[in-house]
Amino acid sequence: TWLVLLSTALATASAVPDKSICYYASWAGYRPGNGRFTIDDIEPNLCTHLIYSFVGLNDNGTIRILDSWHDIVLGGFAKFNRLKIKNRNLKTLVAIGGVNAGSETFSKVAGDSNLRAKFVNEAVKFLQKYGFNGFDLNWMYPARRGGSPADKSNFSKLLAELRAAFNPHHFLLTAAVSAPGYLIDTSYDVPQLSIHLDFINVMTYNLHTSHDGKTGQNAPLYASIIDDTPFEKDRNVDACIRNWIKKGAHPNKLVLGIATFGQTFTLANANNHKLGAPTKGAGIPGPYTRQTGILGYNEICEIVKRDKCIIVWDD
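In mature numbering (1 follows the signal peptide of the UniProt record, and there is no 0), the protein residues as written are -15 to -1, 1 to 300.
The set of hints was computed from the structure by calculation and includes no laboratory data.
Please note: incorrect hints may appear among the correct ones.
[What the hints assert, rightly or not] Restraint-style ranges between C-beta atoms, simulated for each label pair:
1) Gln113 x Ala145: 15 to 23 Å
2) Pro153 x Leu206: 27 to 35 Å
3) Lys114 x Leu206: 17 to 25 Å
4) Lys265 x Asn152: 48 to 56 Å
For glycine and all other residues, C-beta sits at the position ideal for the given N, C-alpha and C.
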């Protein structure tokens, strides 16, 4: 339901968060039982920015509402933006894309000057119509998953044109981006992103999944002792953020993602359950998220309480 991102500004004596960005998954309202989470359940004072996920992008550059029943008929957009009445400092954004959207449509629109202009115009009108303060681009990912090698430069062009159109209205422009260093060069002109975006949401999670064939942490802070190759040593939060800065991102614009979900695995041998143990696939779905390989924090809490699990820390 929630994905929390934190940006930290360095003070003289300590670090304090100046931005706390929270994604709201609109489909959480359809989940059963304790898993159901609606806009009415949101505490608007917990976050400085709330992002509504998702709307879609059409091949002709127009914006597609993915769930008109929830977003329009039931007033999802309106309810979400009314949270600003309870917190006058709150900013709301809408995210476009997401992992299920792939890359092909974004690649097509970003690569055509006429389609870019169409989308930019549509984005401004969308924000004005529904009352959001900005757009969060969730293109997953430029030059990958059906995209083109030209996506890297075309993404920068799209951001520059959106920035120019947004500035007169003081709209926010943000993007969710890949975290690991080995993926950055393929998809992003980092200095350009740092110029045009208000902040950069770095997806420092899903760094190890069931696709690895072995157990691993969703978002390890540092490399583990079992990470013995340069590729593996790159897949941790510390290395990801350092790589973004090294490649030209302004540190004040980087927002570190904290996922309120965990990766799950089916062990190849139930007696071998250490970090790095061989696996034979994803874990079974949870009762609320209903997705193999993933459990929400609420599901994990219920399992720990019900089954009296042994909790092991990797120090």
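Verification of the hints:
Separation of Gln113 from Ala145 is about 21 Å and conforms to the stated range, judged on CB atoms against 15 to 23 Å. The given range of 27 to 35 Å is broken by Pro153 and Leu206, whose C-beta atoms sit roughly 41 Å from each other. Look at Lys114 against Leu206: about 42 Å separates their beta carbons, and that is not inside 17 to 25 Å. Roughly 52 Å separates the CB atoms of Lys265 and Asn152, a value that falls within the hinted 48 to 56 Å.
Violated hints, in rising order: 2, 3; the structure is consistent with all others.
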